[in-house]
Structure formats: C-alpha cells, structure tokens
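*Asks:* Model the placement of chains B, C and D on the given structure of chain A, informed by the hints.
Next come the chains, spelled out residue by residue.
Protein chains: 4
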Amino acid sequence: MKTEGLIAAPFTPMDEKGNVVYERIEAYYDFLEKNKVVGAFINGSTGEGVSLSQHERMKITEHWTARSKQKKSVKVINLVGGTSYVECIENALHSAQNGVAAIALLAPFYFKPGNARQLAEFCARVAEAVPQLPVYFYHIPVLTGCNVSMLDFLKEAAPIIPNLAGIKYTHEDFMDFLSCIHFMDGKYEMLWGRDENLLSALVLGTRSGVGSTYNYAAPLYYKLIEAFDNGDLPLARNLQQLSINMIRLLGKYGGISTGKAYMKYVGFDCGEFRLPVKNMRHDEYKKFAEEVRALNMAELFSKL
Amino acid sequence: MKTEGLIAAPFTPMDEKGNVVYERIEAYYDFLEKNKVVGAFINGSTGEGVSLSQHERMKITEHWTARSKQKKSVKVINLVGGTSYVECIENALHSAQNGVAAIALLAPFYFKPGNARQLAEFCARVAEAVPQLPVYFYHIPVLTGCNVSMLDFLKEAAPIIPNLAGIKYTHEDFMDFLSCIHFMDGKYEMLWGRDENLLSALVLGTRSGVGSTYNYAAPLYYKLIEAFDNGDLPLARNLQQLSINMIRLLGKYGGISTGKAYMKYVGFDCGEFRLPVKNMRHDEYKKFAEEVRALNMAELFSKL
Amino acid sequence: MKTEGLIAAPFTPMDEKGNVVYERIEAYYDFLEKNKVVGAFINGSTGEGVSLSQHERMKITEHWTARSKQKKSVKVINLVGGTSYVECIENALHSAQNGVAAIALLAPFYFKPGNARQLAEFCARVAEAVPQLPVYFYHIPVLTGCNVSMLDFLKEAAPIIPNLAGIKYTHEDFMDFLSCIHFMDGKYEMLWGRDENLLSALVLGTRSGVGSTYNYAAPLYYKLIEAFDNGDLPLARNLQQLSINMIRLLGKYGGISTGKAYMKYVGFDCGEFRLPVKNMRHDEYKKFAEEVRALNMAELFSKL
Amino acid sequence: MKTEGLIAAPFTPMDEKGNVVYERIEAYYDFLEKNKVVGAFINGSTGEGVSLSQHERMKITEHWTARSKQKKSVKVINLVGGTSYVECIENALHSAQNGVAAIALLAPFYFKPGNARQLAEFCARVAEAVPQLPVYFYHIPVLTGCNVSMLDFLKEAAPIIPNLAGIKYTHEDFMDFLSCIHFMDGKYEMLWGRDENLLSALVLGTRSGVGSTYNYAAPLYYKLIEAFDNGDLPLARNLQQLSINMIRLLGKYGGISTGKAYMKYVGFDCGEFRLPVKNMRHDEYKKFAEEVRALNMAELFSKL
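Protein chains in written order, with the working numbering: chain A, 2 to 305; chain B, 2 to 305; chain C, 2 to 305; chain D, 2 to 305.
Take every hint as true, because none was put in to throw you off.
Note that identical chains are pooled: a pair holds if it fits in a single copy or bridges any two copies.
Straight-line Cα separation of at most 20 Å, EDC-like style, residue types lysine to aspartate or glutamate; simulated pairs:
1) 72 - 27
2) 60 - 91
3) 279 - 153
4) 3 - 34
Calculated directly from the structure, the hints in this document are not laboratory data.
One chain only, chain A, in its complex shape (with noise of 0.2 Å):
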C-alpha cells in the first residue's frame, strides 16, 4: 500500500550552541500530525543527518519512535546511508530495534559508485542486515555526486534487495521519475523530492513527496494536491508559484539552513544549522521575515 499525502524531513532542533535538544521530538512529531504530515524521513539531508555523531543520530531515531510507538498517525523513516556500509549497517540495526516503519540509503558520497550495479550492491550489504524493513533509496546527486539512473538502478536493485519498497527522487529527471513509476507495473513507490516542482510530478502520477517545506508549509501543499485532484489546474499553478516564491527566498538567504528560519517564522524554533552550514546573521533575518510576510501566504504556513 502506498503513502498518500505528505512526508515533512525534519529538522534536528538545536540549542544555541549547536547540541541536540531531543526533548522537543516528541512536539515536533504532534506538529507534523496537526499538520496533516504522514511521515517523518529524520536525519536527512534536511535533518543534518551527516553533521550529527552516529550516537545522536540513533538517539533523534529513540526520541521519534518513542512518540510513533503512542501515535501511530505519522511514520518514522530513518535515513541511516553513509559512506561506510559497517556504520549504516550498525544504525540500520537500531533503527529496526526502535520500530521505524522503514529506513533510507544514500549513494555513498565520498567514492562515488560508478554505475547502478555497484550501487545496488553497496545498498544490499545494508538491506539485508534489516530484511523485516521496508528500504528506501534516496536519490540525491546534487549532494551525492552519484548520477546513476534510477531506471537503471531498479533494474539492478530489484533482484538482490527484496524489501526495497521505493525511491525518494530529489532530482529534475522526470523521464527517469516517470519511467521508475512504470517499471514492473508500478511495483515501487516513488517519493517525489522537489518541493518546488511538486506539480510536475503529481501529472505524471506519484501520491506522495518528501520535502523540507513540508514542515512549515503543510496546508499550501495539501491545497496544491487538492486543486490538482480536482482538475484546478490554474489554482494548482499560483499554489505552486507561492512554493516557489517561498523556496526562493531559501537561495537568496542562504540554502538550506534558511528553512530552520522559516521553522522560527511560523513558532517551532529549532536553533540553527551546524557548520558547514551557514546561518543567516540576526539583522538578515529581520529582513527574511519581513519578505516572508511580503508573501502574503499566512493561511498556507504549517499551524502550532
């Protein structure tokens, strides 16, 4: 069975001095589920996966299955990929131990697998330690640096990784996207990861997407689904135009760590991102806020 609807990659809250404040998990898992959200993808590119120890990344899993264990309403995905096959493997153990609904892996990103074989391969090594999960891959080649087809990739993947269930596709190939929706008649779920092309990818037939938007800007999205599902296609169009214009400000303030902003914008602080990261100073984020009001989109923000 298939997720219908939206799956937020939560940020890690942080204090001022950059640690872990696990104990605001269990909110953020009941703002998600206000919000309509029905899946969390933790410690992702969004969530700082790779800036946090091992320890603390199974310690955020703990904190988010601890509250998923009580409620249920919102499934726990944990990216555990990495560069060492030993280290994903370990934290693919916890996470099976914490009851996640599934976990994700990443092209190794230091050496990069030259084709789908080897990648597959590298993922196999991982899937089989956790054979009851459900494995997601997360294709992300802008940070990866790996930009093996995905097409390619099921092809290879298929017949050694039976509890592969799916692709997180954060990537503008939609020949690939649409042509791994088809691949054995529809038999993997394909998690689409642009925010900003949403729409694009709705057309040609996925349900669900996995984004960082989704945690401050749940409602504008679930309008977006709505408008679409009812042939609306002009409001379909302005709502993805104000994702659009929401997400440029992401670039013009910074990248990524300009969501954590927007986390502080709509009331769920979560500090700041760690270096390398870099964080907006306190008189820029003044004018982010003020350029967010701008927007006019107030009804369409995540609600506390």
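*Replies:* Using the frame of chain A, we list chains B, C and D on its own:
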C-alpha cells in the same frame, strides 16, 4: 496570440557527401504540414545550424520561406544565434528579408555570458537590427554552457528587447519555467523543449513545444496533448512513456544523429549528421530499426 | 625544428564601436617583434576569433601576413577552428593563400566530440584541405567543453593528419602533457598554454608557450625562462609568482577583457572586448591601473 | 622544520570478508621504513577512511602509533576529517591520546562549504580541540566537491587555526599551489598530492609529497627527486613518465582499488577495497600483472 501545437526542429537534408539537399526542403514542409505540425524551428540543434556555413544557413532559410509564403500553415522560425553578433545580425537581416515568422537567438557558447544582464545585452544587439520581427531566446544550457536563470533573463531583457516574444526552454528547471510562464501576467510565450517531459510542462500551462521528435512522431504527442486536455492522465502517462522509450533509443544508438535514423525509418530520409557528430553504422541501423519496430507504435509515427 | 620562445595570442584592435581597426595590426607586429616574441597566434581566444565574422577573421589574417612576409621575425599561426568544418576549410584555404606559417584547429564546441577518434576525424577533414601547412590543435577544454585526452588524440590523429605539427595545450593536465611530449620520440611540438604555470611545464621539457600575457609582459617570461635554464630556481619561482600576481588581477577585474586593460596600461591600446564579454568601467580601470602599479614590475612589461 | 621525503598514504589491510587485519599494520610500518618512506598518512582516501567505522579508524590509529612510538622513523598523520565535526573532534582527541605526529582534516563533502571562511571555521572547530597537535588540511576537490582556493583558505585559517601546519594538496592548480608556498614567507608546509605530477611541483619548491604510489614505488620517486636535485632533467622526466605509465594502469583497471593490486604485486597483499569501490576480478588481475611486468621497472618498486 500564442502558438498552439507542435513546432518541429527540422533536420537538414544531406546527401552522402554531407552536402545540403536544398530541394528536399519543400517536401519537408509538406510532410510537417500533413502531420499538423504548426511550426518549423530551422537551423537549430537538430538542423545542425552550427555545423553549416552562414551561406548554407541562408540558403536553407530561403527554401523554407519560399514554401511558407505559399502555404502559411507551418510558420518558420530561424535560429540565427551564434558566437559573433556580427554574423547573427547579418543572418537576422537575411531572415527578415525572406519573410520568416520569427528568429531565435542562442546564448553565445564559447565566451559564456556570466549573468542575465550580459546575455540580454548580447541578444538586444541582434534583436534591435530586426525590430519588426518576433525574437525567441533558445535556452539549452547543456549545449551552450550558459546556465543563466530564464526568469532573471526575462527581467533584464523585457525593458531592452521590445520584440522579445518568448523562450524555447530546453532544460529541466520547471521552477524557473513556471516562473517565466507567470512573469508579467504571461506576456511571454514559453515553448517547452524537452519532448520526453512534455506532460510535466503541459500541467504548468504551456501549450506548445519545440522538439526534434515532433518531426517523426507528431501523432504521438498530439494524442498525448489530447489525453491531457481530456483529463485522461493514465493515457497521457502511457503516451509519454512511449515517447520516452522512443527517445531512449537516441541515447543507445549514439545521440542526436539517431534522429536522422528515425527519419529514414519513417520514410523521409535526410542522410546523416556532419562531423563532429557520429552516425550509426549500417549494421547498427538494422538493429536500431528492429528495436523501433518492437516499440509497436507504428500508428504514432508521422505519415508521409 | 621546434619553436624556441614565446608566442603571443594577439588581441584584436577595436575602436569604440567595436569595429576592428585593421591598420593597427602592422604596428602590433612590430611591437611583438621588439619584445622578442617569436609567434603570433591570431584569431584565438584572446583575439576574440569566435566573436568576429568570417570576413573579419580573414581580413585580420591578411594584415598580419602582409607584415610577416616583409619581416619574417614573428611567425603567424591562424586559428581557423570553429563548429562548422565547411567554414574552417574556407578559412584554412584563405590562410594558405596568404602565407601563414601554420593554422590551428579547435575542438568544435557546440556538438562536442565524444572521443579522440571523432575529434581527430573532424580535424583531419580540415587539415587535408591544406596539406602543405603545419596544423596545430588548440586544446582548451574549459572553453570548448571537449575533455578528450591529448595523448589519445595524438594516437588517433598521427596516422590520419600527416601535417599535424603539435598542440597548444591550455589545460592543467601535466600527466597528459608529458605523455604527449614523449609520444613518438617527441615528434610533436607541445606548446604550453597556461602562462601562470609556465615553470611547471618548462621542467617537463617544453621550450615554447602560447599565451595572452606574452603580449604585454614578454620580458617577465624571458627572464623566467633564463633563470630556469641557469638553474636559478628561486628566481624562476619569484618571477612565476609575479606572473601569478599579474594574472590574478584578470580574475579580479572581470576575466579575459582585463587583458585589453593591460594593453592600454603598457601603451598599446586595443579598445575593448565585444559582447558577450564584459569590460571594466572607466572608474574600475583607474583602480586596476593602481593595482598594476603596485605590482612594481614596470621593467617586466613589454616595451613600445 | 619541514618534511623532506615521501609520505605514503597506506592502504588498509583487509581479509577476504572485508574485515580489517589490524595485526598486519606493524609489518606495514616496517615495510615503509625499509623503503625510506618518512610518513604514513593513515585513514585517508587510499586507506578507505570513509568506508571504515569510527571504531575501526581508531583501532587502526592505535596500531600505527604503537609502532611509531617504538621506531620514530615513519611519522603518523591521521586523517580525522569527515562531515560531522562532533565525530572529527572525537577522533582527533583519540589521535592525540595515541601519539600521532599530526592530524589532517578534509572539507566536509556532503554540505560543501561555499567559501574559504566557512571551510576555515569548520576546520578551526576541530583543530582547537587538539591545540598541541599540528593540523594539515587535505585538499582533494575531485572527491570532496569543495573547490575553495587554498590561498584564500590560508588567509582565513592563519588567524584562527594557530596549529595549522600545512596542506596536502591533491589538485592540479599549480598557480594556487605556488601562491600557498610563498604565503607568509613559506610558513606553511605544502605537501604535493599528485604523484604523477611530482616533478612539476618540485620545480615550484615542494620537498615532500603524500601519495598512494609511494606505498609500492618509493624507489622510483626517490630517484626522480635525486635526478631533479642533480639537474638531470631528462632522467627526471623519464622517471616521471614511468610513474605515469604505472598510474595509467590504475585508470585502466578500475581506479583506486588497483592500488591494492599493486600491493599484491609487490608482495604486500592488503586484500581488496570495500564497497562501493569496485575491485578487479581474478582474471583481470592476471592481465594487470602482465602489463605491470611489461613496464619493466622491477627495481623501482618498493622492496619487502
């Protein structure tokens, strides 16, 4: 009034020695017309404009416009872009004298404009030589190496290129594309240039595309557009998948020159591509033709 | 017999409207001669060959060769490369008629040759039109986008381009460069094309370089070569560092067009670069000139 | 006092299952010492640091330092770099406790620092945890994707990283490299990291290199350095060409893992590389070994 329908980027008919066969152009025009193609984007990438001499490009223009003056069904857009504005202007003036419907410009691709302002100024220099002609910008960063955002380009170009009509957009940045569609209340015509992703552009509101596969598979795409307009998305997706399957053979058999192999296959042989483009060998063509037959889409190819 | 000494890639003298000032070319020839420059690589990147029309390139050639026939001190190499072999051949034939010492070819830079064989075949098509002329290949992947290894190119070109004389190598792959120097017992002349790294190429055995800074700082490099030949490496390194300091201002003030600012500084004004290249503003030139003065290398610039 | 001589980046010895064979490390130390290698840059690219767990990296450090405490001939530099400064600090502290001679840091390679300042701040965060230890920065943009100029990095790092000792420079930007050599009167040690271009770096003044081929061909490079120091450039060039011929087989047989095939060839078998790196098959090894024999350089390989 914006274009509705497919614009083909014609191949340049050549003989076995690589000389242009000008006298086939009139028949080519009729072939496009018969398949309801509404425009011919000549001397473009598909037309090997950069591999031709200025003299050849002009003679090709003369043959296309000779026919368009008689028939008016297929409008002729001539790519006059290049690296020297002196030659672009010379070519633009010749185009105007011969009655093209519009010209198109390309980002200079040796010295690459570093920002939107420089690109707009280069284009303005040519556009102002033919103030009566609509001018399209042809955005194809994978070949030109010029990655300027088209939204930024429109902002710079709008005040200094009054005859700017729109953009042929051959790039997968749908966020930028939608922003251009919405720019100045939709003033500019946004022609989609990636045939394999047409569906994802239709949903954003484009009503026309420019591409090479519209030369030989126009019926496929007209069915796709019709399905989309009727809200029959499963059919539209299946047709887009067929288009992808067809396009995948381009990559498999050596790239852009495979387009001429498709032309041979559908019965309108245009010879081969000039060096430095590589053409498939005779025995490879046989295998290629078998694979095309196996696509089982005879009725979706253009008809002689 | 191989070249010994510096080959300048001349700028194209232009007036304020961007028209070529052909009549300054003879004085330019004498300027190079006076500074012991042994060759002029005309219509290259520095000469804005791609921004000129074919007609302009030819007229420039005529002016350079008019002088070289009288004086013979500076040999003229004409870059006839481009994307269309038809125009390259036309240009090569004109070069031969006008008595250039050699021509040079460029990798076609719109459709990029995918491998060494295709590149060699493209070059052969032009070279065979002028069998009596030495032909250089100009390797500058940062501008052409063609990253073929030159060792592979030589292997493919050697049997099919009998008049291949060597390579102008403008790329930092010293492993490939040294392999080319040793190929076929040093048959091919390897001209180094990165002025800022000349010392690292001299140690590998090259005896000549082609560059833009040899237009205005030939004495600096002749001293560097002399120091290297005398085994005075600390001096050679300091001179190379001065060259780097000088070249760093190119980047700081906008790139290639800063070369013309240097020409103005040393007293041989060639005007500005054509669009799409950006030139510095008048007030920027003042700051630039101050920074050049602060380099304290007056005696190392070329003399009028 | 700066390093004089070769620093090897050791491979990590593994058994057939890909487990680390720690007990071979002492013999590895002696092998390097016997071949006059003066340093071991452990847990680097060659050592598959990113493919190991933190625990494995630490245990490897313990084995190398166990021997260096006894012998002191080969100094141990430990790469503690990664994407999480928390784990880097943990590793750096462990390195200090175990008596390494120095640590090295890498640009974080998932979120890439956008400029020199961010990179320096990231490094400072780790370096300040071990103020008594010399710190090298390991510059290898082809793997990290961080293309910051090292001159800019030194300018930012000098005031905030007092224990910065120098840079392992694995990139072909000789202009930047020479500028770093001259920065602050040569304060920082510049270790060259491209074995195939060592000669072009020696002429710029470096006296040491860090590389993988110094593991198995140290005598070749010591002869090259000797020839250079004696002013016998033809011999130095021929030896560099031999090094290139040897290194070209790395590319031909699959890249970095071919280094372990060379180790097997010279008699110090370290097993294979972990996934995602691909290793050659047994039958490929036979062909590889033949090609190595044909290089005819037996006496230039390291001796057991």
